[in-house]
Amino acid sequence: MQAQYFFDDPAMDGVFNVVFALAAELQITRCRTRALEKLLVARGVIGADAIERWKPDVEEDAARLADLDRLVTTLFDACKSSISERRPA
Amino acid sequence: MTFVSEDLTPAPGFDERAYHEFLRATKMFWSRELYGALRDEFHQRGCDAMTVDEAERVMRQSTGYRFFGWFERNLQERKYASPRGIAAIVDRDRPKFEAALKDATHRGVESGRLRLNAALALPRYYTANDFHQHPGGVSGDVLAGIAYEFGRRTTMPMQVDPFAMHDAVARALPAGPHRRILDMGCGTGRSTLALKRRFPEAEVHGIDFSAPCLSLACAIAEEEGVSVLWSQQDAASTDFAAGSFDLIHSTFLLHELPVKVTEQVVEEAARLLRPGGWFVHLDFHAPPGGVWGRFIHYGHARRNNEIFMRSFCEADFAQMQRRHGFAEIAIDHFDDGTGPVGDDDIAPAWRFPFQILTARKA
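For the protein sequence lines, the chains are A and B, in the order given. Those letters in the first sequence? Residues 0 to 88, per numbering that gives the first Met the number 0, in order. Those letters in the second sequence? Residues 0 to 361, per numbering that gives the first Met the number 0, in order.
Hints in this document: simulated from the structure, not taken from any laboratory. Any given hint might turn out to be false.
Calculated from the model, a selection of chain A residues having no Cβ within reach of chain B, i.e. all distances over 12 Å [as the list claims (entries may be wrong)]:
hint, residue
1, 11
2, 12
3, 20
4, 25
5, 27
6, 43
7, 69
8, 72
Covered, in the sense of this in silico footprint (three residues per stretch, anywhere, with C-beta under 8 Å from a C-beta of chain A), are these stretches of chain B [said to hold, decoys possible]:
hint, region
9, 58–72
10, 103–114
11, 129–136
The C-beta atom is built at its ideal place from N, Cα and C for all residues, glycine as well.
In isolation and in its complexed conformation, chain A is listed as follows (with noise of 0.2 Å):
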């Protein structure tokens, strides 16, 4: 089947795609939380007002923050060489 691409620049494309997966991926993972969540208030495991009120210990608070730190890297780390090759020689 024959790729049909909308932008001047296919890259567009490209970016867009990644942009929509993302959205789709996230909206799934919102769905399985909010069931989870939903899950564990009804058979009592937690109370409704749980998450909202949830503190991190010391040591979770880190992980997350690592975790975090990991993302954005993912995320992020390709920009790094195009803003290097904008350096003058």
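Following the hints, position chain B against chain A.
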């Protein structure tokens, strides 16, 4: 939604259901918000006074149109071919579906309700194009009918019940009595079953190129207790006797044919119908809404691999039918219940420009 026995109904998992829900919600946004904004821009750019090709050239500079096109093309592609698409969902249960279809096919053939013809040569115009971006088309895989039936449920996002439309079309057909009815290009048989429900005394035949679709049609009819005769045939050249039908119908067939083949179908229908017999189709021939209507519809066809649509819309179908002895030729708007069309024949949200094309053999 179970459309036939569980043995033949795809079972998407949680993530897949969420994914298709996301695609459908995005399609609804596209059909309302993006369509509406595009319509305004089209008008502001003065495209209503242009030819459709001039309008296309102008609008290609529009960022809004680029995104409109991207969404139309890519939502459909993802629906079928992405890792969570219909093809993957259906393929996961391949052994179960193949076994159930084999059983259903055997029962159909043994009972005489189903005639398949493995020697039927499928024309290149049919096999070389993935119509509607359905990978491999509707005959390329034994499970293609199941995939098509599953996808059909969300082809028109504004429709609540995608199959109710066929009953509405059947109710709009010329009153009988019709002793014998032929549904050309019947696919998985939803229109054929509606014809039988509307005219229960008639002997109803459904023909199609696709053995996978016919096998599933036969299984659905068996499950619903509706008696229809299915056969794998070319609508342009059937093995039925001349003058043996009272009504010949098709749904979304004609615009998928090269124009020269459409004329062959018209010629065959003229041969098959008794004098006074009816030739009626649900299809798209003269999109309403002026230049905008044609711009949107031709663009849709291009983005959805419906490569013969424009040539059919621009053909003189009325004259084609007159050449083969048809009269009382009419084209009427068909309301599928998804909302009114404005005074300028422009729909407030994207929709198919359904029409009923009618002719009668003199």
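Query raised in the report: Which hints from the list above does the structure break, by number from lowest to highest?
Result: Checked against the structure, the hints that fail are numbers 1, 2, 3, 4, 5 and 10, while the rest are satisfied.
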